[in-house]
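Number of protein chains: 2
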Amino acid sequence: MMRDLQVDAMLLTTEPHVRYLSGFFTQFWHSPTRPWFLLVPLDGKPIAVIPTIGVTGMQQTWIEDIRSWSSPQPQDDGISLLLSAIRELPRQFGRLGMTLGIESHLRMPANDYRQLETELSNMELVDCAELMLNLCNIKSAAEVDKIRYICELTSDSFVALPGFAQTGQSEREILRSMRIDLLQRGADHTPYIVSASGQDGYGDIIMGPSDRLLEDGDILIIDTGTVYDGYFCDFDRNYAFGYASDKAKRAYTCVFQSTEAGLLAARPGATTTDIWRAMWSVLEAGGALGNDVGRMGHGLGAQLTEWPSLTATDNTTLETGMVITLEPGMEFEAGKLMVHEENILITDSGAELLSKRAADELPVIT
Amino acid sequence: MMRDLQVDAMLLTTEPHVRYLSGFFTQFWHSPTRPWFLLVPLDGKPIAVIPTIGVTGMQQTWIEDIRSWSSPQPQDDGISLLLSAIRELPRQFGRLGMTLGIESHLRMPANDYRQLETELSNMELVDCAELMLNLCNIKSAAEVDKIRYICELTSDSFVALPGFAQTGQSEREILRSMRIDLLQRGADHTPYIVSASGQDGYGDIIMGPSDRLLEDGDILIIDTGTVYDGYFCDFDRNYAFGYASDKAKRAYTCVFQSTEAGLLAARPGATTTDIWRAMWSVLEAGGALGNDVGRMGHGLGAQLTEWPSLTATDNTTLETGMVITLEPGMEFEAGKLMVHEENILITDSGAELLSKRAADELPVIT
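In the order they appear, the protein sequences are chains A and B.
Position 83 of the first sequence, counting from 1, maps to 85 under our numbering, and the rest follow consecutively.
Position 212 of the second sequence, counting from 1, maps to 214 under our numbering, and the rest follow consecutively.
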């Protein structure tokens, strides 16, 4: 892939990319102070250019060439060391890949990126974001096993939830209980767990949990990205409290059927847009007013969300080994949303559910 | 501060900065797909330029001018909308601030940043990273209350740890129990909890937890960044298992005394380097071979680590209202580290502990 892109090396700066190509796995990326660099030459093993605090950890990986500086050092936080490592590389194309495009950012000060550009004046910096998306997109069996494990464990926690959630509790209390339940079942941690609730439906799916107390007639959605060994699940479940109104039940059934259509459409050779269309037609027939999410599913794995996106225009062709979410959602009356989500693996014979399928009728917690 | 920097507006892209200036608080930043922009004009309220999925959430903040587009849309993910918002702003200096320098990154594709630069050809993009560091660095009473709450709660969990940790357990098991204990005490979540262990000391402080089983004679360090309402604590504790060797006890006492020296040195008007020197002189007298961490403390708050750094050259003057960690550490024999950490508030009269002071003798879990 690097030869096709005609780059002599790639320079990677973010946690998922450095982990993917080095095996370096640490929570320390939460500290934004220090940059970390992995240089992947066209031939041979990657070279780590990292703060001294990470050398012992990097030595536990398959990386052999580890260069370090005592960071933080704001005047020159690894840049001169990095430049000399880049200049030592064999040169064939005179091009260095960095993630500059779709779904990417550089985890380093923009001024340091500008300095690289200036000092490497005889080398062109070109975008390798798409290369990395295409590389990480097809999951190995080992990666799928981790995602399946966390999907199953989280499915079980959702099934158990009516045992620890009830009318009168706040969203915050219920989600705290679910965090504990997930840990007790063997999850490593839950970086992402949000909720929303309201009579018959909810108005939002990315804020929360709030201190709102659940009332009879409410619908509660919980959406979680829970992690095992660095791999995410990402799906949600809906619950009615006390009773479910007919319109809430109808919306639930419509979105459930939309997921069914997505499951049938998801196979190698189909596109993300084919799935989007299959799911949206069910929602539209069911009276959907719109969808502010901007897509109805996406890749996942080492990150909560990964490329591609299930939209009307994405048109990415599915391949065996991709792991994606199906996430149909709709506004079914003003300010009332219903959203479902499942995680699937694309196999030669179609979609394989990684999450355990949601109940086909809206669960009611009484 | 913006007038001093001569900028007509600042454009912010990261979670802590957008949250600080808008009140927009969501876990959704875990999804790297969509960019989020907050434009802060010299006069008037900030303008949010955000994906439609976040509009309902942003409406709950004090932001009134919310402009949105349906994201993901890789060809133009908010850039044309952002450009038109920037062009509408009153112009006095012809300069737009973005975080380009120290401890910063841009959470948007570098190609989109380049496009902004090209299309805003009559506007200079200048660094406002230092402005944001200086702004966020002095904590309000409300911010201090949140940090104090999470520090106290986490201190209590560390004190309780001997009740749920014992020889024969793995680091991973112990940290899982501590995660649960922290949630039960009222923490929101624990984005960061790492550990290391070994006979008499440990070799690293940013990896882990590992599956290593604790043995008698081991020292275990646990370092955690646990969060309440968006604010972090960041400190560690050490435990001996079974018994503590004399050299481990000596190292512990030395690092404890180093922290005492830091507590005395930390007051308004002193510099980060004064504290570093006070702490390092104790470690050096105690036989320290070195320190690969690169610093002995740092700011904290809305992020696990914030500017400034306690180093030999940082020289930042402390002011009332800063919250920092004191984190002396040393290699006391080849491959054996001992590191301590406390969180403090700088007050008019000196350092106020936010974490409850570690035991003055190495705790032994028997």
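Calculated from the structure, these hints are not laboratory results.
Wrong hints could be hidden among the right ones.
Remember, identical chains collapse to one label, so a pair may be satisfied in a single copy or spanning two.
[Said to hold, decoys possible] Straight-line Cα separation of at most 20 Å, SDA-like style, residue types lysine to any residue; simulated pairs: (1) K338 <-> S72; (2) K249 <-> G337; (3) K338 <-> T54; (4) K148 <-> N113.
Hint by hint, here is what the structure shows:
1. K338 <-> S72: Close across copies (19 Å), not inside one copy (53 Å); limit 20 Å.
2. K249 <-> G337: Result: close within a single copy only, 14 Å intra versus 65 Å inter.
3. K338 <-> T54: between (52 Å within a copy, 15 Å between copies)
4. K148 <-> N113: neither (38 Å within a copy, 33 Å between copies)
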